[in-house]
Structures are given as C-alpha cells and as structure tokens.
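Chemist: Sequence:
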Amino acid sequence: MWYIAEDAEIIFKNAAELNMTGAGYVWLVTEQALNSNNVPEGVLGLKLINVTDEKSHIKDSLY
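According to our numbering, numbering within the sequence shown proceeds without interruption in unit steps and concludes at 79.
Among these hints, one or two may not hold up.
Unchecked claim - Taking CB as the label site, the calculated pair distances span:
| id | residue 1 | residue 2 | range |
| --- | --- | --- | --- |
| 1 | Val-42 | Ile-20 | 30 to 36 Å |
| 2 | Gly-38 | Leu-78 | 33 to 39 Å |
| 3 | Ile-74 | Gly-38 | 33 to 39 Å |
| 4 | Thr-46 | Ser-72 | 32 to 38 Å |
The set of hints was computed from the structure by calculation and includes no laboratory data.
What you are looking at is a predicted structure, and each value in this text was computed from that prediction instead of being measured.
For every residue, glycine included, the Cβ atom is placed at its ideal position computed from N, Cα and C.
Build out the structure end to end from the sequences listed, making use of the hints.
Modeler: Have a look at this one:
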C-alpha cells in the first residue's frame with residue numbers, strides 16, 4: 017500500500033498549488049494517506065488500533 021501514500025503526496029502537492037489546503041478546507045482521507053510526508057492541516061482520518069495485525073484489523077473493520 018506504499019503507493020497510496022505516494023499518490024496522496026502528489027494530490028496534496030497539487031491541492032496546495034491550487035490553494036485548497038488552507039483555511040476553509042477539510043480533507044477526509046484514508047488511513048494510508050495519513051502516512052504521506054505532506055499531510056496538510058485540516059486532515060481528518062481514522063487509524064485502526066490493530067493496523068499491523070491483519071486478523072485484528074479485519075475484526076476492527078467489521079465491529
């Protein structure tokens with residue numbers, strides 16, 4: 017899933033160039049996008065507690 021963080025970096029870079037990362041903007045992102053190096057302020061994302069344990073990760077996703 018490393019490519020999702022890379023894709024997010026490109027999206028965040030392009031959004032910053034369009035002035036879409038400042039005041040008045042909120043970003044709802046996936047867990048993987050939170051690993052980007054340039055996450056702007058105003059980002060909302062959930063990170064599951066058991067992200068590194070696949071079985072527990074699936075359980076967290078369902079319940």
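Chemist: With reference to the structure, classify each hint as holding or not holding.
Modeler: Hint check:
no.: 1; hint: Val-42 <-> Ile-20: 30 to 36 Å; in the structure: violated (20 Å)
no.: 2; hint: Gly-38 <-> Leu-78: 33 to 39 Å; in the structure: holds (37 Å)
no.: 3; hint: Ile-74 <-> Gly-38: 33 to 39 Å; in the structure: holds (37 Å)
no.: 4; hint: Thr-46 <-> Ser-72: 32 to 38 Å; in the structure: violated (18 Å)
Violated hints, listed in ascending order, are 1 and 4; each of the other numbered hints is respected by the structure.
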